[in-house]
Structure formats: C-alpha cells, structure tokens
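**Q** Could you slot chain D onto chain L? The hints should help.
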Amino acid sequence: MANSRVVIVRSGGLTDPGSPAEQARILKMFSRGFGLLTGEREERSAVLSVFRPEDRVGIKVNTIGGRAISTRPEISLALAGWISRNGLAEKNIIIWDRTNRELRDAGYRLAAGGGGFHVFGTDTDGAGYGSELVSHLNIGSLFSKIQADLVTASVSLAILKDHGLAGVTAGMKNYFGAIHNPNKYHDFHCNPFVPEVFDSPPVKGKHRISVLDCLVVQYHRGPSFHPQWAERYGGFIFSLDPVAADRVGWALIERFRAAKGLPSLAEEGREPAYLLTAEKMGLGRADLGGIETIEETVP
Amino acid sequence: MNRRDFFRSAAGAGLVLGTGLPSLCSRLSAFGEKGGLSHVEARYYRKLPDREIECELCPRACRLGDKERGYCGVRENQGGTYYTLVYGKACSLNVDPIEKKPFFHFLPGTNALSLATAGCNVNCKFCQNWEISQVRPEQVENVDLPPRIIPAQAEKYGCPSIAYTYTEPVVFFEYMYDTAVEARRLGVRSAVVTGGHIKPEPLKDLIGVVDAIKVDLKAYSQDFYTKYVRGELKTVLETIRSVAKSKVWLEIVYLVIPTLNDSAADIREMARWVKNEAGDRVPLHFSRFQPLYLVKNLPPTPVSTLEMARDTALGEGLRFVYVGNVPGHPGENTYCPNCKKTIIQRTGFTVTGIRLKGGKCEFCGTPVPGIWA
Chain L
1 MANSRVVIVR SGGLTDPGSP AEQARILKMF SRGFGLLTGE REERSAVLSV FRPEDRVGIK
61 VNTIGGRAIS TRPEISLALA GWISRNGLAE KNIIIWDRTN RELRDAGYRL AAGGGGFHVF
121 GTDTDGAGYG SELVSHLNIG SLFSKIQADL VTASVSLAIL KDHGLAGVTA GMKNYFGAIH
181 NPNKYHDFHC NPFVPEVFDS PPVKGKHRIS VLDCLVVQYH RGPSFHPQWA ERYGGFIFSL
241 DPVAADRVGW ALIERFRAAK GLPSLAEEGR EPAYLLTAEK MGLGRADLGG IETIEETVP
Chain D
300 MNRRDFFRSA AGAGLVLGTG LPSLCSRLSA FGEKGGLSHV EARYYRKLPD REIECELCPR
360 ACRLGDKERG YCGVRENQGG TYYTLVYGKA CSLNVDPIEK KPFFHFLPGT NALSLATAGC
420 NVNCKFCQNW EISQVRPEQV ENVDLPPRII PAQAEKYGCP SIAYTYTEPV VFFEYMYDTA
480 VEARRLGVRS AVVTGGHIKP EPLKDLIGVV DAIKVDLKAY SQDFYTKYVR GELKTVLETI
540 RSVAKSKVWL EIVYLVIPTL NDSAADIREM ARWVKNEAGD RVPLHFSRFQ PLYLVKNLPP
600 TPVSTLEMAR DTALGEGLRF VYVGNVPGHP GENTYCPNCK KTIIQRTGFT VTGIRLKGGK
660 CEFCGTPVPG IWA
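So the sequences go chain by chain: L and D. Numbers 1 to 299, taken from the working numbering, label the letters of the first sequence in order. Numbers 300 to 672, taken from the working numbering, label the letters of the second sequence in order.
Chain L with its partners taken away, still in its complex shape:
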C-alpha cells in the first residue's frame, strides 16, 4: 500500500470563525489543505481533482454535540461556498446530518431548494431512510437517502473528539450518522462496525475526502463537551485516506492528553482498534510510519 498523505493546516487565534477576517483565513486554510493534499496549485484544479463538476456533494457534518462541540455552520458553509466557487454548483451541495433538530441545535439554519446550498437532516420530509436493508458484513442498516440516493460524492466534515467507546470519533465514525441504527454498533469499541459502515457501498463508493474540524478538539471524556478538556487547536486535518486522517487525529488527541498528564487511550483500554481493522480491510493506512504528514500554518 502506498503512503497516504495527511495535511494539517492551522491558524492561530481563531476565536470567531463567523467574522469576515476569520472567514478569509478559514478559506485560505481550505485552499492550502486541498492544494497540499492534491499537489494542485490552483484552487479549482484542486477541487476538481477531488470532485467532478457534475457531482452532487454531501457534506456530512457532526452535530450531535450541540453548539459547543459540533461542526460549526461557519465552517461547513464556508467549505460549501469555497467548493462551489471552484467548479461545483451551489444547488448541488448538501450540508446534512441525521436530524433537523440536531442541525438547529448546532446553529444551522435549514434550507432546502431555492437554488443555494441545501441544509437539512435525514428526517426531512422527502428524505428519510431507504426502505431496503443494506446488509454488509456485520452491518444491517437502512441508509439515509441523502447518502444513498441524493449525493454522488461525499465529504466527511467531522469534529475530532475523544470517544468513551470508540476511542476517537472523527471522519469514519461520522458516517454512523448515515444509518438508522448507530446505537446498535457501539459494542466492542465500535469495532469492526466503524470500518464496516464505511466499507458499505453507500459510503465507500462516494466518500472522497475527510476534513476534520480541529478548531476545538475534545481530547478527554468525549464525545460530550467538557471545556476543561477541550483544546483550541485552530486547525483542520485533510486527507483522501479516511483511515490516515483519523489516525493522525488520534495522535493529536494523544498529544493533548499527554500534555495534561492524562493516560493514553491504550492505557485506558480504549485505543481506537477500529483503525487497525480498517487498515486490514484495505480502507487506508493506520500506521503513522506509512503516513506522510504535512503541517502548515496560515497566518
């Protein structure tokens, strides 16, 4: 398996991502992330090396944590806007999660139709879950029609968090929000369920890029928000390899934990074993030795 590339782009002192000044920096971070990842110098080329112009792109956000620790609308809307300015139609971009309630609670304003971006949950009338069970390895689930039917390409724009069961929740586990029964897949540290959901046709066939929102990283007692264990990191992790993205995210969490004198996830008996399973399934690289990590700071 060839080395995988992961790009970390940071920008110091981000406190109000919705402000015009910080929005500009965030866009620059997307630009550098996609550019360094794809090797393309032009933004448009970088975007179009990940998506086709005719793609309907689903940006799967993670809003279970409410306003405090969810993918912020300022970030997902900025990404949608940046992608649309670089070759894709606004009307073909959907920012979504499993419920409208969770989206609203995280600060999103719902929008469906009208020619702009769409923002809605699977429980929106007309969306919902497919009627046929997808039975794949140990998984038996109904998939969100957004993921299964509406979109042709998918971005996992997840929050990086510690997770009491999985160890880490990041880009791969974000797709638990695409199935109707995620509560059934938390046994055995969510392993092998995280990689198996990812490996199922509605996800694997469409996932294009992981973008981990690490502006604030919950490095202990996640996935709920605990400010005393949340680090304002001010960065994003980009990778075309979903396993490598999560692996680098895990390393980041371990770094914050060590700095605070907390035991490692392995010492707590909950290292994210799903990553090794994912690597064995051929979904990507889980060993840091096989991952080329590029770090850059945007002023």
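These aren't lab readings, by the way, just hints derived from the structure by calculation. In this text, a Cβ means the ideal position worked out from N, Cα and C, and glycines have one as well. Please note: incorrect hints may appear among the correct ones.
The calculated DSS-like cross-link candidates involving lysine-lysine, where the alpha carbons are at most 27 Å apart (straight line), are [stated by the list, open to error]: (1) D:K659 - L:K204; (2) L:K145 - D:K656; (3) L:K280 - D:K526; (4) D:K659 - D:K546; (5) L:K204 - D:K526; (6) L:K260 - D:K346; (7) D:K498 - D:K455; (8) L:K280 - D:K346; (9) D:K595 - L:K204; (10) D:K546 - L:K145; (11) D:K533 - D:K546.
Beta-carbon label-pair distances, calculated as ranges [claimed, not checked]: (12) L:S135 - D:D349: 36 to 42 Å; (13) L:A111 - D:E340: 50 to 56 Å; (14) D:R362 - L:A111: 52 to 58 Å; (15) L:F188 - D:E606: 24 to 30 Å; (16) L:K280 - D:T641: 47 to 53 Å.
**A** Relative to the frame of chain L, chain D by itself:
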C-alpha cells in the same frame, strides 16, 4: 418473503387474527393524538461526575455522556439527567388474541390490547418486528397514549389484559410499569413479552405489578447470544429463574432456527434446565422460524424439527410443550398431564374448545397450572 409479505400472506391464510403491524397507523390514530418524543426522567440509573450517567435498567449498563443515547435508542442523557423518550408514545397498538404472544395458559381465548414503543436492548438478526424494534423513536409514527387511558381502552375493546409486546418492553419500562399499575386498579391484567434482558431490581419491581411474563429464550448457548442476539444468556436465565420463583405466570418461547439453535443436545440441555430451575409446569413453546430481517438465507424450520424439540422436552419431563407457528398441528393443543385428553384445542391463534372447569381437567379433575379467568 419479507415481513410485510409474511404478514399479508399469513393474514390471507386466516392465521393472523389481529391487525398486521404495517397497517396500524390508522388504528393508532383512533386511540390517541400524534406525538413526538417524551421527556420523562428515567428510573434505574445513577448520575456520575461530569454530566455522565450509567443506566441500571438492563445488563448493558450503558455509560453515557451528555446528549448520548443508550443502546436501546430510546433513553437519552440530557445534561446529566437520563430521560425516556417513549413514555406514553405508542408506535403500535392492536387487539390480538393472547395466543399470538404466545400465552397458552393465561386467559386462553381472550384478546389482549397489545402495546409497543420503538426500541430494543438487543439486536436479534432474525427479528420479526425490526422495523419498530431496531429503530429510534423518531423513525416511527408515535401516538400519545398515556398510561391512565390504556386500561379503559382495553375494557372498551373487550380485552381482559394488556400485552406489552412486539418490541422489547424493558426499554419502555416506566410506561409499562405505570400502565400496569393503572390496569390493576381497574382489574385489567398485564402480560409482558420480553427477551429477558433486565437487571434484578427493575425485574423485581415489574413482577410486583404484572400478571404474566413470557420470556423469549433465543438459544441455550452464549455463542448464539453473542453472534445473533448481541445479548447475554446468563441474564435471561436469571430472569426466568426469578419469574418462576414469583407469583407471576411464566411461559417460555424458543424460536427454533435451522442449523443455528436446533441441535437435539442443546434442546435437551435447555429443557433440563427449565425443568430444574423453573419447574415442569412452565409451558415451553417451540416456534417455527421464518426467514426475516438479517437471516434470510435459512429456510423455515421443518415441522419435523419442531416435533423433535417437543418430544425431547416432553421426554425430559416438561408437562406442557407446544409447537408454534404451525397452524393445525396437534402440538398446539393443551393435553391433560394425567388423562392425556385434549383440554384446550387450538388452530393457529384461535381457541376452538376449552375443557377446563375451575382450572381442572373436565375429564379427570387434574389441576392444570395457569391463570384461567
């Protein structure tokens, strides 16, 4: 054949006297108002630091952070307080023959007002009702049906009992418990159909307010429970043992699935355990499997396998052993353990004759255990 087709064909064949699940919405609406989720504090949990909680209802003992839900999908930690989201939120309500549960020694020939909410604390790969049990409450249509009005509805529809069934009633414990308390006040009985995954304390409380419990014993092997149920055999056996020791009427169902739990040795061992730990008077039903949900690669159970299971259990000394889901089979009938005459005759869910007087065989006067009136 999927579940809908199965119910449709079964109903067409006159096998299902109650209403099939998919057609419930209109009937549900007639009972109550359409509702969302409830916000009622759950019982049986403990608060932990940092707004975490640990559920103490079932052996999973889910430990959850703020905004997280348990494995059942119907109980949620909101800011360090644990809530049931399905209190008074019925997703299914039918008037069913009690034989459909199945209870064969509990008010035979009567109907039960049968109630469910979404959710389950296991994930059986062969679930017949997965469309309501393996979903979150937002994913089904719920109707507001508070405990205080259900017993009156039961009376109105001529049901001497309420059955908590279809999904896993343990996950809607508070709703079931309060309904059972109201029902007892009105003289309506309560019958629980459960997989038996419940902790001792809530089980003890439940036993205090209900009249009958049917436990689905899915297999007599932890390996089966791990692979196909995601549950724990030990807990289920403990539940059976506790109910058997109580005054609540107990029946056991064993769904026989070809190649997975149909070995004669396992069945013999299970029957021995039931006899020793629950007693020879406990009715044991061997039900026929139909390929549904995630186990569609196996055929329906051959009738000969069910007969083998029944013969094995009878041979081990159990006195009331039945064959289920094979309408017209003689193994559906109740036979007097003394004179061997047919004392309750059944075809499918229909009771066609009862030859009991005051709980005794009409022919020889032998007492037959059960709740008969």
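**Q** Of the hints stated earlier, which fail here?
**A** 1, 2, 7, 8, 10, 13, 14, 15 and 16
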